[in-house]
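Here is what each chain is made of, one letter per residue.
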Amino acid sequence: MAPPNLSQRAPSPSPSQPSGKSEISDLKMQLRQLAGSRALGTDDSKRDLFKKVISYMTIGIDVSSLFSEMVMCSATSDIVLKKMCYLYVGNYAKGNPDLALLTINFLQKDCRDEDPMIRGLALRSLCSLRVANLVEYLVGPLGLGLKDGNAYVRTVAAMGVLKLYHISASACIDAEFPSMLKRLMLNDPDPQVVANCLSSLQDIWSLEASTSEEAAREREALLSKPIVYHILNRIKDFNEWAQCLILDLASNYIPSESDEIFDIMNLLEDRLQHANGAVVLATIKVFLHLTLSMTDVHQQVYERIKAPLLTLVSAGSPEQSYAVLSHLHLLVMRAPMLFSSDYKHFYCQYSEPSYVKKLKLEMLTAIANESNTYEIVTELCEYAANVDVSIARESIRAVGKIALQQYDVNAIVDRLLQFLEMEKDYVTAETLVLVKDLLRKYPQWSHDCIAVVGNISSKNVQEPKAKSALIWMLGEYSQDMADAPYILENLIENWDDEHSSEVRLHLLTAVMKCFFKRPPETHKALGAALAAGLADSHQDVHDRALFYYRLLQYDTSTADRVVNPPKQAVSVFADTQSSEIKDRIFDEFNSLSVIYQKPSYMFIDKEHRGPGDLSEELGNLSVGSEPVDNTLPTQRYEANDNDLLLSTSEKEESRVQASDSSAYSAPEYDSSSLSLVSTGIQSEAPLSVPGLPAYNPQASTDIDDLLGLGLSITPAPPPLKLHPKAVLDPGTFQRKWGQLGISLSQEFSMEPRGVAALTTPQALLRHMQGQSVQCIASGGQPPNFKFFFFAQKADEPSSFFLVECLINSSSAKVQVKIKADDGGASDAFWTLFKSALSKFGLP
Amino acid sequence: MSTVIGASADLVLFTTNLPGFLSFSSPHRRRAGPRVNTMLQCIFVISDSGNILELDEFLCRVADIISDYLGGLNEDLIKDNFVIVYELLDEMMDNGFPLTTEPNILREMISPPNIVSKMLSVVTGKSSNVTSTLPDATQSCVPWRKTDVKHATNEVYVDLVEEMDSIVNSDGNLVKCEIYGEILVNSNLSGFPDLTLSFMNPAILNDTCFWSIGRIPKDKAPSLTGNLTLEAGMDSLHICPVFQAKFKIMGVALSGLKIDKLDAMNMPNPPYKGFRALTRSGEYEVRS
Numbered sequence: 001m002a003p004p005n006l007s008q009r010a011p012s013p014s015p016s017q018p019s020g021k022s023e024i025s026d027l028k029m030q031l032r033q034l035a036g037s038r039a040l041g042t043d044d045s046k047r048d049l050f051k052k053v054i055s056y057m058t059i060g061i062d063v064s065s066l067f068s069e070m071v072m073c074s075a076t077s078d079i080v081l082k083k084m085c086y087l088y089v090g091n092y093a094k095g096n097p098d099l100a101l102l103t104i105n106f107l108q109k110d111c112r113d114e115d116p117m118i119r120g121l122a123l124r125s126l127c128s129l130r131v132a133n134l135v136e137y138l139v140g141p142l143g144l145g146l147k148d149g150n151a152y153v154r155t156v157a158a159m160g161v162l163k164l165y166h167i168s169a170s171a172c173i174d175a176e177f178p179s180m181l182k183r184l185m186l187n188d189p190d191p192q193v194v195a196n197c198l199s200s201l202q203d204i205w206s207l208e209a210s211t212s213e214e215a216a217r218e219r220e221a222l223l224s225k226p227i228v229y230h231i232l233n234r235i236k237d238f239n240e241w242a243q244c245l246i247l248d249l250a251s252n253y254i255p256s257e258s259d260e261i262f263d264i265m266n267l268l269e270d271r272l273q274h275a276n277g278a279v280v281l282a283t284i285k286v287f288l289h290l291t292l293s294m295t296d297v298h299q300q301v302y303e304r305i306k307a308p309l310l311t312l313v314s315a316g317s318p319e320q321s322y323a324v325l326s327h328l329h330l331l332v333m334r335a336p337m338l339f340s341s342d343y344k345h346f347y348c349q350y351s352e353p354s355y356v357k358k359l360k361l362e363m364l365t366a367i368a369n370e371s372n373t374y375e376i377v378t379e380l381c382e383y384a385a386n387v388d389v390s391i392a393r394e395s396i397r398a399v400g401k402i403a404l405q406q407y408d409v410n411a412i413v414d415r416l417l418q419f420l421e422m423e424k425d426y427v428t429a430e431t432l433v434l435v436k437d438l439l440r441k442y443p444q445w446s447h448d449c450i451a452v453v454g455n456i457s458s459k460n461v462q463e464p465k466a467k468s469a470l471i472w473m474l475g476e477y478s479q480d481m482a483d484a485p486y487i488l489e490n491l492i493e494n495w496d497d498e499h500s501s502e503v504r505l506h507l508l509t510a511v512m513k514c515f516f517k518r519p520p521e522t523h524k525a526l527g528a529a530l531a532a533g534l535a536d537s538h539q540d541v542h543d544r545a546l547f548y549y550r551l552l553q554y555d556t557s558t559a560d561r562v563v564n565p566p567k568q569a570v571s572v573f574a575d576t577q578s579s580e581i582k583d584r585i586f587d588e589f590n591s592l593s594v595i596y597q598k599p600s601y602m603f604i605d606k607e608h609r610g611p612g613d614l615s616e617e618l619g620n621l622s623v624g625s626e627p628v629d630n631t632l633p634t635q636r637y638e639a640n641d642n643d644l645l646l647s648t649s650e651k652e653e654s655r656v657q658a659s660d661s662s663a664y665s666a667p668e669y670d671s672s673s674l675s676l677v678s679t680g681i682q683s684e685a686p687l688s689v690p691g692l693p694a695y696n697p698q699a700s701t702d703i704d705d706l707l708g709l710g711l712s713i714t715p716a717p718p719p720l721k722l723h724p725k726a727v728l729d730p731g732t733f734q735r736k737w738g739q740l741g742i743s744l745s746q747e748f749s750m751e752p753r754g755v756a757a758l759t760t761p762q763a764l765l766r767h768m769q770g771q772s773v774q775c776i777a778s779g780g781q782p783p784n785f786k787f788f789f790f791a792q793k794a795d796e797p798s799s800f801f802l803v804e805c806l807i808n809s810s811s812a813k814v815q816v817k818i819k820a821d822d823g824g825a826s827d828a829f830w831t832l833f834k835s836a837l838s839k840f841g842l843p
Numbered sequence: 001m002s003t004v005i006g007a008s009a010d011l012v013l014f015t016t017n018l019p020g021f022l023s024f025s026s027p028h029r030r031r032a033g034p035r036v037n038t039m040l041q042c043i044f045v046i047s048d049s050g051n052i053l054e055l056d057e058f059l060c061r062v063a064d065i066i067s068d069y070l071g072g073l074n075e076d077l078i079k080d081n082f083v084i085v086y087e088l089l090d091e092m093m094d095n096g097f098p099l100t101t102e103p104n105i106l107r108e109m110i111s112p113p114n115i116v117s118k119m120l121s122v123v124t125g126k127s128s129n130v131t132s133t134l135p136d137a138t139q140s141c142v143p144w145r146k147t148d149v150k151h152a153t154n155e156v157y158v159d160l161v162e163e164m165d166s167i168v169n170s171d172g173n174l175v176k177c178e179i180y181g182e183i184l185v186n187s188n189l190s191g192f193p194d195l196t197l198s199f200m201n202p203a204i205l206n207d208t209c210f211w212s213i214g215r216i217p218k219d220k221a222p223s224l225t226g227n228l229t230l231e232a233g234m235d236s237l238h239i240c241p242v243f244q245a246k247f248k249i250m251g252v253a254l255s256g257l258k259i260d261k262l263d264a265m266n267m268p269n270p271p272y273k274g275f276r277a278l279t280r281s282g283e284y285e286v287r288s
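Going line by line, the protein sequences match chains B and V.
Heads up: the first sequence runs through residues 1 to 843, numbered per UniProt numbering.
Heads up: the second sequence runs through residues 1 to 288, numbered per UniProt numbering.
The set of hints was computed from the structure by calculation and includes no laboratory data.
Keep in mind that this is a model prediction, so the values were computed, not measured.
One thing to keep in mind: the hints can contain errors.
Not everything, but these chain B residues come out facing chain V in the computed CB check (under 7 angstroms) [as the list claims (entries may be wrong)]: (1) Val135; (2) Glu319; (3) Ala763; (4) Leu765; (5) His767; (6) Gln771.
Heads up, simulated DSS-like pairs for lysine-lysine below, C-alpha to C-alpha not over 25 angstroms straight-line [stated by the list, open to error]: (7) B:Lys344 <-> V:Lys261; (8) B:Lys834 <-> B:Lys725; (9) B:Lys344 <-> V:Lys79.
Think of the CB as a built atom: it goes at the ideal place given N, C-alpha and C, for glycine as much as any other residue.
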């Protein structure tokens, strides 16, 4: 009943609204006159005045000064007047606790009215006053309300208890309302009363549970078999919203045996046909969660819920379609074959809002397989000509994603190349980016693609991403494109017009690649590019140019190996979301988490999070108490995302840059010395450029080190030896883990045979033990494993290394965090650890 | 820029020109007719991750009911009738928990502001739009029906309404075709009869949904529309537009679904039963 408090806002100058105090004082006077009057028709004039007051209140004008007059006028039998008065009081009582006392009297009187509707309304208003020092007046009427003969009043009272709890928890507990609610919940004939009791109790017990053990037990008791069965058996009596509440309760229930699971599913089967989508989705959640441990039944559940879900998508409002589609997307990630024959349901209707279309495109991408790819891609190509540019772009991206998923890409590549001939800027731009990714995965297509890409004029490509892609292809396949060096030269001439640093970076790399393939044609362009790059104001561009310059100076063959390393085709593009997070989202089925595609802890403040939420993540590890930080850094995934856009070689380069940029300070160059680079570079002889500062061997070894070229001159540290029989008790481990900072955090990919051998955590444990690395806790199920290892220095018994190691066996990714007493040795330990891990699975 | 035009403890109604999810621009469900862009948004504030479809359904229901009461849903209508809107919101939600959303029951608690009730108030001198007694249905086990319904006529009409969604490609091929059906029942039966509707060929139904029985909106007769004439001198279109076709076929259910019989039990006299079938276009698109 409380509109948001906008009273601070200055009233707008609209003529219909009062501009100053005069209207309000006018109202005040009129109300006062009416307060005492008992003449016929008073109610009508009162009602007009009340309406005026409420309308001022609604648009944000502060009418709290009328409080006492309003209360004086509230002695009436007219129910609309009463309702307006309750509304007014509910809105302003919190700000005027003293005046609110005035209303208690008439509210309490109304609570004893003979009409149940008035009793209910009065009780609801009384509970909504939200004034702490009026709590004492609340307890009596609430107690009476819970025992009222009329169900409507009991419904209101049950919810009132929760309101009271929020105002004063102690008053609520002291009056023993929770136990009264529990009695009502189990015995009341009216389903709405039961539902309100249940929702109040759930809230109260889970808030109390953190402080009182008894409350925690009560909270558990709500999920006990007798209560859940009692309520589930009556589910058809409840209204649709209460059914959602009950289904939510049921989804948290853990059955003790499989018969129970089938009982519950049989009982709830017909809920899948309910007209209310909320009930259907809540039922689906129950089904999915109940059968998680039974793989066969789980698959059957997928088949059963398919039809209701598809009906929900097509039959409801666009908002509902969107929400349901998000859920379908989540499901299809877990069971890819589920919708593969129903792909036509995800064709976009022209009139749908674009947010629905976008999700449908994602669905089509996700369900594409050998049997339906042709139809889906044909349909997607229709959208490429769509009037809605963002959808057209999305659909081209979808085609590309399908191409990257499938083995049979013949037809798709042809389609993509046809897009390039459509001569629409955005279509060309999107397609170029895709062709680049395709070439990284299927280098065998380069011949066909390059022929078409070569015909594209770089002038028609403006978007940085597309331009970068084009430039990358020019550099990578410069030996196949006759005029690649000249196009690059052209682009370099317009260096200053190029605003995107990303494009300039790519240009530098491309021209380097091109140089090593076709030196005579490119050397001029390379010189110009390096000169322009060194003069560039963007730090990264400047650094990369400098790096290339020095690399060329050091040794051209090394430079060739750095810039043009033999490339392996990318087999799988990294998944941006860990499966751990996906599982979390699945646990939070039918909530906003699915829509946002992140688990609730990422978008909900700590104080609103349910208790016990945080411990779930580690619940399945074999050691109970876990020394882990629970918040996964979201940035990591974002970073991965960006990485996707860079080719492998560029990733190396950018990493070098990132870590190396601080290793030396950039000396000043003049452009006259630079022109010499191009002249001298034709010969393979070492470069000597007059005017350059003395060549600094230390800097170059740093670079070599980082590139792993094995030319290191720096003396190797004494080899690290680990104690073969290290001992550490879990308590100390936990304490140390809490105290020490992370000294090293690494990610790498595991050998396929290692992944294959990792069927159970124990296999790896034994292996690591043989390498003097002990495990203290492990857990997880395929494909996610989590280990905590430790190791001890052989010569220094007090120096431990602690490792947290996450292995995803499906993506073969390993994430390692190392904490060490001797932080300096962690690099050496990492090398040992990595080699130990990579030996895993060897015969 | 947004303006608040109505609110309860849990719900805020306001107008805005910001697009957003969990808010909708029109009360009309897809089945009810074309969406009107009124830019009225309904926002629900939640503190946990929420039961997403419940929120969505509830917001739709609120909008449906308010527009049913006020004959539309826009800023001015709500400002003119904010008392009724407050009363409705109050009954529909308590402390964030949905309460009564059945139109029939709400209608008994709070009578809608129509001409009849205005006339009535002029004639009788009573001007309250709130009945002073609680509706019986709050205690009945069938939430949408009050216990003692009495009708002068003893009739029941069943409409089988089907909508065809399809996409026709530029070459005339059907890309996708689906039929959704609803069965609308207009019942003027007194008391508490049990009705059983059976079909001749129920096997063709893919997925069924039991729709609750509410008021059938006044039939807005659709008509066949759309003429496309190219401007003189233009021989082709730059973009390929999508045409939407509208049609209505009386007397046929396109899916072939046939009603077998309607049994009425618990009735003193057998009622008059009327059946009708209708097919109309849903989202029927022709690509060019």
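Quick rundown of the hints versus the structure:
1. Because the closest C-beta pair between Val135 (chain B) and chain V is about 17 angstroms apart, greater than 7 angstroms, the hint is violated.
2. Hint status for Glu319 (chain B): holds, given a least beta-carbon distance of 5 angstroms to chain V, under 7 angstroms.
3. The closest approach between the C-beta of Ala763 (chain B) and any C-beta of chain V is roughly 37 angstroms, which is over the 7 angstroms cut-off, so the hint fails.
4. Proximity of Leu765 (chain B) to chain V is violated relative to the hint, the smallest CB-CB distance being about 36 angstroms (cut-off 7 angstroms).
5. The interface hint given for His767 (chain B) is broken, as the beta carbon of that residue sits about 40 angstroms from the closest beta carbon of chain V, more than 7 angstroms.
6. Annotation: Gln771 (chain B) was flagged as interfacial toward chain V, and the flag is violated, the nearest CB pair being 43 angstroms apart, outside 7 angstroms.
7. A hinted pair counts as satisfied when its Cα atoms are at most 25 angstroms apart, and Lys344 (chain B) with Lys261 (chain V) does not qualify at roughly 34 angstroms.
8. Between Lys834 (chain B) and Lys725 (chain B) the alpha-carbon distance is near 19 angstroms, which keeps this suggested pair within the 25 angstroms criterion.
9. Distance check on the hinted pair: Lys344 (chain B) and Lys79 (chain V) sit about 44 angstroms apart at the alpha-carbon level, beyond 25 angstroms; violated.
Going down the numbered hints, you'll see the structure goes against 1, 3, 4, 5, 6, 7, 9, while the others check out.
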